[in-house]
Structure formats: structure tokens, C-alpha cells
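Colleague: Could you put together the complete structure from these sequences and hints?
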Amino acid sequence: MNINLTLIGQAIWFALFVAFCMKFVWPPISRALEERKQKIAEGLSAADRAERDLELAQEKATANLKEAKEKAAEIIEQANRRANQIVEEAKDQARTEGERLIAKAQSEIEQEVNQAREQLRKEVSALALNGAEKVLGGEINRDTHKQLLDQLAAEL
Amino acid sequence: MAASSTGEYIKHHLGNLTYGQLPAGYERTCHGHEQTLTESTWTFACNGQEAVDMGFMAFHVDSLAWSGGLGILMCFLFWLGARKASAGVPSGFMNFVEVIIGFIDTQVRDSFHGKSKLIAPLSLVIFCWVFLMNLMDLIPVDFVPKTFEWVMVTFAGWDAHQAYFKIVPTTDPNITLSMSITVFFLIIFYSLRSKGIGGFIGELALHPFSAPNKLAMVILIPINLVLETVSLLAKPVSLGMRLFGNMYAGEFVFILAAAMLGTWQAVGAWPWAVFHILVITLQAFIFMVLTIVYLSMATEEH
Chain A
1 MNINLTLIGQ AIWFALFVAF CMKFVWPPIS RALEERKQKI AEGLSAADRA ERDLELAQEK
61 ATANLKEAKE KAAEIIEQAN RRANQIVEEA KDQARTEGER LIAKAQSEIE QEVNQAREQL
121 RKEVSALALN GAEKVLGGEI NRDTHKQLLD QLAAEL
Chain B
157 MAASSTGEYI KHHLGNLTYG QLPAGYERTC HGHEQTLTES TWTFACNGQE AVDMGFMAFH
217 VDSLAWSGGL GILMCFLFWL GARKASAGVP SGFMNFVEVI IGFIDTQVRD SFHGKSKLIA
277 PLSLVIFCWV FLMNLMDLIP VDFVPKTFEW VMVTFAGWDA HQAYFKIVPT TDPNITLSMS
337 ITVFFLIIFY SLRSKGIGGF IGELALHPFS APNKLAMVIL IPINLVLETV SLLAKPVSLG
397 MRLFGNMYAG EFVFILAAAM LGTWQAVGAW PWAVFHILVI TLQAFIFMVL TIVYLSMATE
457 EH
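Read top to bottom, the protein sequences are chains A and B. If you're matching positions, the first sequence starts at 1 in this note's numbering and goes up one per residue. If you're matching positions, the second sequence starts at 157 in this note's numbering and goes up one per residue.
The hints are simulated quantities; they were obtained by calculation from the structure and are not laboratory data. Quick reminder that beta carbons are idealized off the backbone N, C-alpha and C, glycines included. Hints may contain errors.
[What the hints assert, rightly or not] Keeping only pairs whose Cα atoms sit at most 25 Å apart, straight-line, the calculated PhoX-like set for lysine-lysine is: (1) A:Lys-146 - A:Lys-122; (2) A:Lys-60 - A:Lys-71; (3) B:Lys-273 - B:Lys-370; (4) B:Lys-240 - A:Lys-37; (5) B:Lys-271 - A:Lys-23; (6) B:Lys-273 - A:Lys-39; (7) A:Lys-91 - A:Lys-71; (8) B:Lys-271 - A:Lys-37; (9) B:Lys-167 - B:Lys-302; (10) A:Lys-23 - B:Lys-273; (11) A:Lys-23 - B:Lys-240; (12) A:Lys-134 - A:Lys-146; (13) B:Lys-273 - A:Lys-37; (14) B:Lys-271 - B:Lys-391; (15) B:Lys-351 - B:Lys-271; (16) B:Lys-240 - A:Lys-39; (17) B:Lys-273 - B:Lys-240; (18) A:Lys-91 - A:Lys-104; (19) B:Lys-351 - B:Lys-370.
[Claimed, not checked] So the derived list for chain A, only partly shown, Cβ under 10 Å to chain B, looks like this: (20) Phe-14; (21) Lys-23; (22) Ala-32; (23) Leu-120.
Modeller: This is the structure:
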């Protein structure tokens, strides 16, 4: 247990190792740790921000959805209204067309009736003339009595 | 083992491998033959008495080699860690290095409030280096010394008794005192730097007793000086001797177990080794914390 030059030798070792660690060990590692700390802090704040963003986006999405629903409801209502209108219009059109067809048919019928009546009149006058010819024994001349016959036929 | 050889065994295990200067005219008996030195010679001490006679001009080769080797190992490992250091995800060995650095950093930040680029690496070196040196205590006492003895006897023709070899540097008071004295100089340096020469002397002279009366103050100054100087000098001595004492005592128990139990020492030494793990870590930690505290006291105003 003698005190000797070992004292100084050890002090030199000590100084060397401290100097080495001071220059090559401590600064890079503590810098790296500091950087990592900062990185983690940034990451955490980014996560916070993202969460807030997500919340905001969700709110926005909900609002959009609501708006879209309202719009859709409006469109559907409009469409329904339009459909009703179209149906009404179609009904009206159909009714007028029907009425028109009915009127046309009636006028045709009338025309037919008139034609038939005219024909009938002609035939009746001919029949009446024939009958009269037969009754009078041919005394009636078609040409002489033509005016009278025509008058008769017009009265029918 | 017989009582006398037990004593020899213990003595042998407590001796350092000493390389030093023997004075001219010194009579020595070495390797079985006597000789008288004609001039002062640098040589390995053959026995404890020669080591004492070498006086201050001697080195404990084993202590310096082991402390240096362990320090280089430590620096190399940390250098490997520092090279891989990045802000990314750490892995394996890097994790381990970062845990140590983080631990030291916390200790320094807790106790030392000034700004210094030196304190943190200094604490790192003290803690890890002292821990590694203390750790050598857990290697069974005869492994390395017997190997060394065999090598020296076989290849260098030494006498087996001359082959002193201690592998725990912290059981050598030179090593621990050297570190604590270095810390002491740092204390002085930091005191002077933060308070100036006047402030430093004032701190020694005007505390702990002070009086408003000028005359009373003059009387109190010598008392203060004595008290403060003693407390200042006690710092490095207690710092170094605490570590030395703990490790020496621990080593002594291992040596006793080995001396008394022989091959059965494993059974006796094992419980002590388990307990000693605590001492090893604790002493390294205490040395570091006290260093930080002393240096922070040196920088702070009272």
C-alpha cells in the first residue's frame, strides 16, 4: 500500500479517458438523444393535429351528408311534383282527345244518317213513283211529273 | 492450508506488481541470489520490502495496466455506441449505451445546475470506469494471478513469490486517491473560475462563523480558515479512501475465503459475491454523485 508514481499514471489515464469521452462519446450521443426527444415531441404534436383535423373533417362530412340528404329530399319532392303534373297533363290531353274523337264520331254518324236519309228519300220517291205508276197505269210521265216528284222527295 | 502459508498467501495476494527504482548500494536477494546494486536501478520488486524501499519512484504495473485496459475497453464500447448514435429507433447495444448515458445525464441535471461540457462526460467516465474496475473483484481471486505467475515463472524465469498481481485497481489506494485528487483539482478550478480568487479565499475565511462586528470577524477568520481548509481537504481524501476501503475490504473477504476454503471457496465466496455486486455498483455510483455534488458546490454561490 505504497503511495507512488501510480498516482500520476492513473491521473493521466483519467484525463485521457475523460477527454476522449468529452470529445467523441458524449456530444454525439446526447445530440442524438436530444434530436430524438424533439422528433418524438414533433410526432406527438403532429398526432394531436391530425386528430383535430380528423374531427374537423368528420364534422364537415356530417354537414355535407346532411346537406346532400336535404337536397335529395328536395329533388325527390320536385320530381314527384313534376310527375303529378305530367300525369295531370296526360289526363287532360287524353280527355280532350277523347272528346275530340267522340265529336268526330258523332259528326260522322250525323253525316252517315244524312246520307242514308238522302238515299232513302231518293229510293222512297222512286218507290212512290213506281207505286203510283202502277196504280195509275202509266199515266204519269216521269218527265212531266218530275217537278212534282222532286217536291215530294224534298218533303220526305 | 497451514497458518503460516495462509498468511503468506494473503500477503501475496495483497501485493502489487511494482516496477520502480532501487537506490545505489541497495542489497537485495532476488530469484535466490544476493546482489548489491552498484547504481540506482529500475526493476521489478522481488518482495514487499523492496516495493516499500522503492519509495515514490515506482509504478504499480498491474493497477495501471488493468485500469488503463478497462478504461480503453470502456471508451471503445462507448465510441462504438457514439458512432451508431442517431435519432432513429435504437437497437440492442445502442439501447444499453443510451440507458447509461440517460442515467448519468439525469444525475448530472439533478445535482449540477451550472453549464459545463465537462461534468457529464466526467461523471460518465467515473461511473463506468470505477464500476468496471470494481467488477474485477468478482473474478475468482486466483484465476488471473496464478496464470500470470505461471507465465512469468515459465517464460521469464521469475520466482513464483515475486509474481505479485492484483487485478482490482480500486483496491490500490494510488488509483482511488489519484482520481479523487484529480476531482479535487477540478473543485479548485471550478471554484476559482466561478468566484475568482477573492471569492474563493473569502469563502474559506468568512464561513461558517461570521459576525457583524469587524473585530470579532478578524478573530473568527483563522478559525474559519482552519475549519474550511480541513473540510476542503477532507473531500478528496474521503472520496478516495471510501472507494479504496470498500473495495479492499471486499477483496479481503474473497482472499480469506480462498485462503481458508481452498477449492471450496466458491461455496463460501458466492454469497459474498452476490452481496458484493451491490457494493460494486453503489461505490461507483457514490463516487460519481459526490463528484457532481462537490463540483456543483464549487460553482454555486453560497
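Colleague: State for each hint whether it applies.
Modeller: Against the structure, the hints come out as follows:
Of the supplied pair hints, the one linking Lys-146 of chain A and Lys-122 of chain A holds, its CA atoms being roughly 13 Å apart against a limit of 25 Å. For a cut-off of 25 Å, the pair hint linking Lys-60 of chain A to Lys-71 of chain A stands: about 16 Å separates their Cα positions. Between Lys-273 of chain B and Lys-370 of chain B, the direct Cα distance comes to roughly 41 Å. Violation of the 25 Å bound is thereby established for this hinted pair. Straight-line distance between C-alpha atoms of Lys-240 of chain B and Lys-37 of chain A comes to about 17 Å, which keeps the hinted pair within the 25 Å bound.
Annotation: proposed proximity of Lys-271 of chain B to Lys-23 of chain A holds, straight-line Cα distance about 17 Å (limit 25 Å). Straight-line distance between C-alpha atoms of Lys-273 of chain B and Lys-39 of chain A comes to about 24 Å, which keeps the hinted pair within the 25 Å bound. Among the hinted pairs, Lys-91 of chain A with Lys-71 of chain A is inconsistent with the structure: their alpha-carbon atoms are about 30 Å apart, more than 25 Å. For the proposed pair Lys-271 of chain B and Lys-37 of chain A, the alpha carbon gap of about 20 Å is at most 25 Å, so the pair holds.
A C-alpha spacing of about 15 Å is found between Lys-167 of chain B and Lys-302 of chain B, which places the hinted pair at or below 25 Å, so the restraint holds. Distance hint between Lys-23 of chain A and Lys-273 of chain B is fulfilled; the C-alpha atoms sit about 10 Å from each other, no more than 25 Å. For the given pair, Lys-23 of chain A sits about 15 Å from Lys-240 of chain B by alpha-carbon distance, which is consistent with the 25 Å threshold. Of the supplied pair hints, the one linking Lys-134 of chain A and Lys-146 of chain A holds, its CA atoms being roughly 16 Å apart against a limit of 25 Å.
A C-alpha spacing of about 20 Å is found between Lys-273 of chain B and Lys-37 of chain A, which places the hinted pair at or below 25 Å, so the restraint holds. A hinted pair counts as satisfied when its Cα atoms are at most 25 Å apart, and Lys-271 of chain B with Lys-391 of chain B qualifies at roughly 22 Å. Between Lys-351 of chain B and Lys-271 of chain B, the direct Cα distance comes to roughly 15 Å. Compliance with the 25 Å bound is thereby established for this hinted pair. Restraint check: the Cα-Cα separation between Lys-240 of chain B and Lys-39 of chain A comes to about 18 Å, which is no more than 25 Å; the hinted pair holds.
A hinted pair counts as satisfied when its Cα atoms are at most 25 Å apart, and Lys-273 of chain B with Lys-240 of chain B qualifies at roughly 21 Å. Using a Cα cut-off of 25 Å, the hinted pair Lys-91 of chain A and Lys-104 of chain A holds, with the two alpha carbons roughly 20 Å apart. Note on Lys-351 of chain B and Lys-370 of chain B: the hinted pairing holds, with a Cα-Cα distance of about 23 Å set against a maximum of 25 Å. The beta carbon of Phe-14 of chain A comes within 5 Å of a beta carbon in chain B, closer than 10 Å, and the hint placing it at the interface holds.
Given the 10 Å rule on beta carbons, the hint for Lys-23 of chain A holds: about 8 Å separates it from the nearest Cβ of chain B. The interface hint given for Ala-32 of chain A is met, as the beta carbon of that residue sits about 4 Å from the closest beta carbon of chain B, less than 10 Å. Residue-level restraint check for Leu-120 of chain A is violated (minimum Cβ-Cβ distance to chain B is 117 Å; threshold 10 Å).
In summary, the structure is inconsistent with hints 3, 7, 23 from the numbered list given earlier, while agreeing with the others.
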